[in-house]
Every structure is written in structure tokens, then in C-alpha cells.
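Asker: Here are the chains, one letter per residue:
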Amino acid sequence: MDAQRKHLTVALAGNPNSGKTTTFNNLTGTRQKVGNWPGVTVEKKEGKVQYKNYDLTIVDLPGTYSITAFSIEEIVARDFIMDEKPDLVVAVIDSSNLDRSLYLATQLRELDTRVLFVLNMEDLAKARGIHIDAKKLGDLLRVPVVFTVGNKNKGTDALLEKIIEAAEAEFIPPRDRRVRYNQDFEAGITTIREMLLAVAGEKLPYNPRWCAIKLIENDTVIRERVLKAAGEDAPRIDEEVERWRGRLADMYDEEPEIVMTEERHGFIAGVVRETVRTSAEKRVDLSRNIDLVLTNRFLGLPVFFFFVWAMFRLTFNLGEIPMSLIESGVGLVSQGVSAALPEGLFRSLLVDGVIGGVGSVVIFLPNILILFFCIALFEDTGYMARAAFLMDRVMHLLGLHGKSFIPLLMGFGCNVPAIMATRTLESERDRVLTILVNPFMSCSARLPVYVLLAGAFFGARAGNVIFGLYLAGIVIAVLSGRLFSKTILKGGGAPFVMELPPYRMPMAKSLLIHMWDRSKLFLKKMGGVILAGSLIIWALSTFPRDIPALHAHKANVAQIEAAAEERAAGLGEEEKAAVLAGKDAKIEVLEREYAAKANSRSYLGMLGQAISPVFAPLGFDWRQSVAVLTGFVAKEVVVSTMGVLYGAGEGGEQLGEELKARGMRPLGALSLMVFVLLYMPCVAVIAAIRRETNSWRWTFFSIGYSTALAWVVAAVIYQGGRLLGMGG
Amino acid sequence: MVLSEAREKDVVAIVKVGGPPAFRRRLLEMGFLKGVLLTVEKYAPLKDPLEVVIKGCHVSLRVEEAAEIAVEPGKETA
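If you read the sequences in order, they're chains A and B.
The opening position of the first sequence corresponds to residue 1 in this note's numbering, with each subsequent residue numbered one higher.
The opening position of the second sequence corresponds to residue 1 in this note's numbering, with each subsequent residue numbered one higher.
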């Protein structure tokens with residue numbers, strides 16, 4: 001065998017729902033890499049296959065209907081084909097929907113790259129009475145054509161064989177049998193093409209006919225590139241193109257790009273007529289029957305809410321079991337390390353910083369695994385499109401897409417997986433908007449804060465207060481969404497028009513791959529940021545260390561121990577126990593006092609005290625200021641920090657009493673709860689925002705907006721309440 | 001008339017697709033061409049969006065988008 005292995009890059013292109021991703025999964029199995037295309041949030045999937053003497057890199061391009069430049073997905077797909085020049089572009093064609101698939105496929109053909117047509121889902125087409133003459137199709141368009149049945153993993157080897165054959169075959173871009181436009185357009189194309197050849201010639205980035213077509217279609221991306229290549233002749237070309245565009249628009253009373261789209265469809269209709277035979281078999285449209293129930297006027301919404309409720313329960317309630325296992329696992333490790341190492345800075349770093357930090361990363365895994373399994377199930381069966389269909393009316397009020405509903409709802413569990421779930425949205429604008437309002441969905445980590453404060457200050461009305469907080473979060477999200485969509489995220493973006501694909505049986509393999517991809521992405525890309533954030537907070541709350549105070553504290557404790565031992569020495573069992581219990585209680589008080597002191601003397605404590613004037617209008621004292629700062633690690637930490645600072649331990653009731661004793665009133669409690677609801681997200685969510693928007697700008701905007709909003713709302717509540725005489 | 005005026009189960013033929021260029025182009029790419037027949041499959045429970053069947057394909061669009069599509073009553077087909 002030849003030891004020299006050959007490397008080939010193969011790009012998969014196709015319509016959404018054409019079975020492209022299934023084909024990709026079949027080809028690459030689990031050897032996949034998921035990331036983003038550079039500079040944008042569109043997901044990039046890459047897989048490696050070894051077959052015979054070849055190492056293949058398979059790139060799954062975003063699903064598009066066309067490769068014009070209307071959406072980021074289309075630009076990404078086109079740029080990859082044009083600039084990275086893969087050895088072969090595989091056009092995945094939905095056989096049951098040949099017209100539309102061929103629209104994209106013929107555009108690929110126009111690019112003069114090597115193309116292989118894969119007729120997918122032939123079984124479905126046959127069931128619909130559609131018979132395609134593949135050989136004739138290949139002859140007509142001068143491209144190799146192969147059949148596969150994607151969801152049965154049939155013919156994967158045959159496909160690989162064909163891919164290599166097509167990529168290795170001698171290739172001369174066929175000049176005939178491509179889309180011919182009518183003679184007026186052809187005249188324009190020819191004139192501009194010749195002009196381009198004359199002035200730019202070799203410098204032209206792409207094939208001249210194609211450039212001419214794109215110029216007439218007023219494709220802004222290509223225009224810019226071509227004009228740049230043309231250098232000083234650019235204005236002349238621009239002028240000529242404008243002249244042709246004006247002329248053609250006058251002749252057809254229609255924008256040239258629209259006429260050209262129609263012409264392409266005309267060409268395809270001809271191809272389809274010659275290659276497809278439809279038998280008049282009456283078929284049962286199973287999907288339609290399922291939709292009689294699932295998108296039914298009366299049943300549709302209740303069924304949807306049931307599914308979503310089940311998904312929520314599975315994600316967060318079933319997820320609790322492995323989460324508590326992880327928690328106790330982390331607890332065991334830190335106990336083990338604590339026991340093995342002498343007390344000191346290193347142990348604290350390892351136990352509180354590193355192990356605690358890693359723990360705070362892996363704790364999210366069960367949620368993410370389960371949620372993404374459910375989402376993959378929704379997507380692979382085709383139900384996700386129905387969910388969007390059902391909820392679009394409501395989400396449209398926020399300037400959002402129907403599909404935003406699920407990520408927003410998941411936010412009530414935890415914003416981290418919820419923000420990752422925005423990947424199901426196609427348009428970047430919708431995604432950013434959904435991410436920005438997501439933190440206002442009150443996640444479960446905020447609940448302990450409400451339970452503590454509402455329980456202590458609102459008694460029997462606690463339930464209503466907590467419900468009101470959740471509602472307030474939703475209202476703020478709606479108002480913010482409307483505000484953003486009218487200002488910084490203006491423009492309807494992509495049209496809503498969306499296909500409702502036929503229901504399909506999901507494949508276990510694809511579900512698992514999807515689930516695993518997300519988790520890997522989370523661990524690799526966000527884990528680091530979360531860990532770093534936890535370490536920073538640990539350092540801020542540990543330093544500077546007051547060594548003399550620590551020694552004094554230890555000496556104190558040791559003294560009490562010794563005194564108690566001495567006293568207990570000569571006593572009987574019962575009295576001995578009483579003495580020791582008294583000693584323990586004393587030590588506990590000392591420990592608490594020391595912890596409170598150490599905390600207030602740390603950088604974080606100092607910072608909290610320094611900025612406490614900022615929080616004064618909200619009715620917070622310096623302890624609460626420090627507590628909300630530490631809430632940056634995770635919002636429930638607000639409770640434990642207050643526990644430490646008020647010297648009340650973790651017990652909720654005790655802390656509630658202590659808060660009352662130190663002068664907190666219901667109004668102050670409400671102000672604090674509202675602030676915790678709205679202010680900046682925790683470090684894990686920030687990592688998720690950064691990752692999913694792929695922009696620090698949006699990340700800082702989110703932090704700034706939510707914190708400013710929280711301050712204003714809490715201040716209005718506190719000051720307004722005082723004016724109304726509700727007391728401080 | 002426009003598509004948003006059609007009722008459930010109506011069969012209509014496309015006369016012209018209007019609206020912003022990106023929207024028109026997207027629809028044309030999906031095969032919403034002059035003369036093609038559409039069946040209004042159903043309206044969503046909240047009356048927006050609606051679902052149409054075009055060449056055996058189910059597509060959903062918002063009512064405001066359907067208002068951009070001029071149609072005429074089409075011949076009844078299977």
C-alpha cells in the first residue's frame with residue numbers, strides 16, 4: 001500500500017432539512033469538531049474521515065436555500081467555497097423536494113467548482129411518488145450524481161468512494177449546460193465579463209462570468225471585492241454595471257436580481273421536467289396527520305406546554321440527582337485534600353479556589369447534557385419548527401422569533417444552558433436579543449435569596465412576593481426586548497418564513513453526538529473563564545491576609561479548647577459532654593466573628609465597603625454591598641456571604657432574625673431582592689454570553705445594562721417606598 | 001386579494017410577491033413563483049403565523065408577510 005496519504009477537503013452544502021447534517025454524521029461519526037466560523041456566531045462543524053489512502057476533512061456548511069449574500073449563513077458558506085477552495089463541494093439534495101434543492105445546487109455549479117450531487121432521502125421521494133432519473137440529471141447538468149438514504153446510513157461507503165472519485169477526476173469547468181439567462185441579461189453579462197477581463201484580468205478573485213452575474217444582481221459583498229481588484233478602473237466598472245442594471249430594470253419593470261432568480265427557476269423547471277416522473281400514487285401524508293394534533297387550534301398549545309414542562313422538569317429535576325452526586329464528590333475531594341495538607345494558603349487555594357472552581361464548572365454538566373438531549377430531540381424530529389409556529393405570535397411582541405421561547409423558558413432553570421440553547425436560532429440578531437434578555441429570567445440560583453428575604457420579611461405573603469419577582473423579571477425582559485429591537489438591534493433581520501419539515505424518526509447517534517458536542521464546547525470554551533472567575537474571587541476574598549489576627553484567633557481557640565479539656569478532665573460523662581458542648585458553641589461564635597472580620601478585611605470586603613455609598617440609595621449596608629459583589633460567582637452565594645458577614649452561619653431563619661436585628665425592613669429586603677433579580681449575571685453566564693455572542697462588546701453591554709437597570713429599579717423602589725412612608 | 005385574506009383550506013395562485021427585497025428573494029428562492037398554487041393549511045392557534053403548502057412543502061409565514069403576497073383564487077386541486 002502506498003504510504004503516502006492524500007489529504008482532501010470536502011464541503012457539504014444543502015438546504016435546511018435536506019438531510020445534510022445526517023449525511024455529515026454518517027460520514028464522520030463521532031470524529032467531529034464544533035466551533036464557530038471566524039468572526040461570526042454561525043456554528044462550524046468539521047469532521048475527519050480516513051478512507052483507503054485518503055484523509056478527508058469534511059466541513060458541514062450552514063444550511064441555506066441559496067448562496068446570495070442575504071444572511072450570514074449564506075456569506076459564510078459562499079466564502080468557504082470561494083476562498084478556501086475545497087477539493088469538492090457535495091450538494092446534498094432532498095429528492096422529495098428537487099426544485100428547491102436544485103436552486104442551490106445550480107448556483108454551486110455556476111461557481112465552477114467541482115460538485116457532486118447527492119440525492120438524499122430517495123425513499124421519502126418514492127413514497128411521495130417521485131422517481132428521479134439520476135443518470136439523466138447528471139448528464140444534463142454535467143455533474144456526477146449519487147443516491148443515498150441518509151437516515152438509514154445506507155451507502156456511506158459508496159458515497160465516500162464517489163467523493164474521492166469526483167475529487168480526483170480531471171476537472172474542466174463545463175461551459176455548457178449551465179443556467180442561461182435570457183438574451184438581454186446574457187448581453188449584459190457578456191459585456192461586463194469582457195470589461196472585467198480587460199481591466200482586472202488575472203487579479204479578478206473569482207471566475208469572470210460569475211462576477212459579472214453577481215454585479216448585475218447587485219451583490220454587495222462581491223461588488224466590493226471585484227471593485228477592489230479592479231483598482232483605479234473601479235469607477236468605470238461600477239458605472240457600466242449601474243447602466244446595465246438600470247436598463248434591465250426598465251425593460252422588465254423589475255429588479256434584475258428578481259428576474260434572474262425567476263430565470264434560474266425556469267431553467268430548473270426544465271431540468272425537473274426531463275428527469276422526474278411523478279406517479280399519481282395517493283400517499284398518506286403522515287406529518288400532516290401528526291400536525292392535526294400538534295399544531296391544532298385547541299390542542300396545539302396545551303400539548304406544547306406539556307412538552308416544554310416535561311423538558312424543564314427533566315433538565316432541572318432529573319439533573320439534580322447527578323448534580324448532588326457531583327457536589328458530594330467535590331465535597332469528598334476537598335475534604336480529602338484538606339485532611340492531607342496542612343492548613344495554610346496553599347490548601348485554601350487548592351480547596352476553595354481550584355476544587356471549588358472546577359466544581360462550579362462541572363456542576364452544570366448534567367443540566368447541559370439533558371437539556372441538549374431534549375433540544376436535539378425537538379430539532380431532529382422536526383418539532384422545533386412547530387414550537388416556533390405556535391409561539392411566534394407571543395415572541396413577536398418582544399421583537400423575537402418563535403424559537404426564542406425555549407431558551408427563554410430554560411432561563412428559569414439556569415441561564416447558562418439557556419444561553420447555549422440560542423444556537424437553535426438562525427438569525428444572529430435574534431440570537432443576540434434572546435441572549436441579552438435571558439438573564440432577566442430568574443434562574444434557580446436566585447431563589448435561595450428570595451426564600452431567605454421574603455420568608456423573613458413578608459411572612460404569609462412570601463409566596464406572592466416571590467411570584468411577583470418572577471413576573472417582574474418577565475416584564476423587564478419584554479420591555480428590554482422591545483427597547484433593544486427598536487434601538488440597538490433594529491431591523492426585522494431575516495424574514496420569518498420557515499419550513500415545517502416532515503416529521504422524522506430521530507436517530508440515537510445523532511442525538512448523542514449533538515449532546516456531547518454541546519458539553520464539550522461548554523467544558524472547553526467556558527470552563528476556563530468560569531474557573532478563572534472563581535479563582536479571582538477566591539483571591540480577592542482571601543487577600544490580604546492578616547497573619548497576626550489569624551494567629552491571635554487560633555491562640556484564642558486553642559486556649560478555650562485547653563481550658564475546657566482541663567475542666568472536663570475530672571468530671572463525669574454527662575457533665576463532661578455539657579462542658580464540651582459549651583466549648584463548641586463558644587468556638588463557633590469565635591469562628592463566625594473571625595470569619596466576618598476576615599471577610600470584611602479582604603480586598604473584596606474593602607471593595608464592598610468602599611462602594612457601599614453607591615448602594616446607600618438602595619438601602620444596602622456595607623455587608624449587603626459585599627454580598628452582592630460575591631454574588632458574581634453564583635447568585636446563591638449572596639446568602640452565604642451575608643451569613644458570614646452577619647455572623648449567623650448558613651441557617652436561613654437565624655440569618656433572617658439577624659438581618660431584622662440589624663435594622664433591615666421589608667422595603668430594604670424588597671430592594672435587595674429586586675437588585676439580585678436584575679443585576680449582572682454570574683460569571684458562568686457571562687462566560688456563556690461571551691462565547692455565544694462571540695463579542696466582548698455585547699458581554700460588557702449585558703453586564704452594564706443589567707447592573708444599571710438593577711440599581712435604578714431598586715433605588716426607585718426603596719426611595720419611592722420611603723416617600724410613601726413605608727419606612728426604611 | 002392578498003394571501004393573508006385567504007381562509008383555511010383555500011387554494012390560491014400566486015400573482016406577485018412584494019415586500020422588502022430580502023424577503024422577496026427568499027420567497028422566490030423557496031419557489032414562491034408567479035402562478036404556483038398554494039393551499040392555506042392552517043392558522044396557528046393565536047391566528048399568526050399561518051402555514052401554507054407549496055409543492056408538497058409546508059412553509060409557515062407571518063400574517064404581515066402573507067399580506068405582501070398578492071394571490072388570486074386558484075383552481076381546486078387534490
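Do not take every clue at face value.
To be verified - The following label-pair restraints were derived from C-beta to C-beta distances:
{"id": "1", "chain 1": "B", "residue 1": "G35", "chain 2": "A", "residue 2": "A187", "range": "45 to 55 angstroms"}
{"id": "2", "chain 1": "A", "residue 1": "G246", "chain 2": "B", "residue 2": "G35", "range": "39 to 49 angstroms"}
{"id": "3", "chain 1": "A", "residue 1": "L140", "chain 2": "B", "residue 2": "A67", "range": "31 to 41 angstroms"}
{"id": "4", "chain 1": "B", "residue 1": "A67", "chain 2": "A", "residue 2": "R277", "range": "30 to 40 angstroms"}
What the hints assert, rightly or not - Computed list of chain B residues with no C-beta within reach of chain A, every gap over 10 angstroms:
{"id": "5", "residue": "A22"}
{"id": "6", "residue": "V40"}
{"id": "7", "residue": "K42"}
{"id": "8", "residue": "H58"}
{"id": "9", "residue": "E72"}
Unchecked claim - With the Cβ distance kept under 7 angstroms, some of the chain B side facing chain A (calculated, not the full set):
{"id": "10", "residue": "P45"}
{"id": "11", "residue": "L46"}
{"id": "12", "residue": "R62"}
Worth flagging that the hints you see were computed from the coordinates, not collected in a lab.
Small disclaimer: the values here were computed from a predicted structure and weren't measured.
Note that the Cβ used here is the ideal one computed from N, Cα and C, for glycine as well.
Asker: The structure should be examined with respect to each hint, and the outcome stated for every one.
Answerer: A quick look at each hint next to the structure:
1. B:G35 with A:A187: 45 to 55 angstroms: The hint (45 to 55 angstroms, Cβ to Cβ) is violated, given that B:G35 and A:A187 are roughly 27 angstroms apart.
2. A:G246 with B:G35: 39 to 49 angstroms: violated, 28 angstroms
3. A:L140 with B:A67: 31 to 41 angstroms: holds, 39 angstroms
4. B:A67 with A:R277: 30 to 40 angstroms: holds, 38 angstroms
5. A22: Contrary to the label, B:A22 does not stay out of reach of chain A, its closest Cβ about 5 angstroms off (not over 10 angstroms).
6. V40: holds, 13 angstroms
7. K42: The claim breaks: B:K42 does not keep its Cβ more than 10 angstroms from every Cβ of chain A (closest is about 7 angstroms).
8. H58: violated, 4 angstroms
9. E72: holds, 18 angstroms
10. P45: With a closest approach of 5 angstroms, the B:P45 hint holds.
11. L46: holds, 4 angstroms
12. R62: At about 5 angstroms, which falls below the 7 angstroms cut-off, the nearest Cβ of chain A leaves the hint on B:R62 intact, so it holds.
Against the hints set out earlier in the document, violations occur for numbers 1, 2, 5, 7 and 8.
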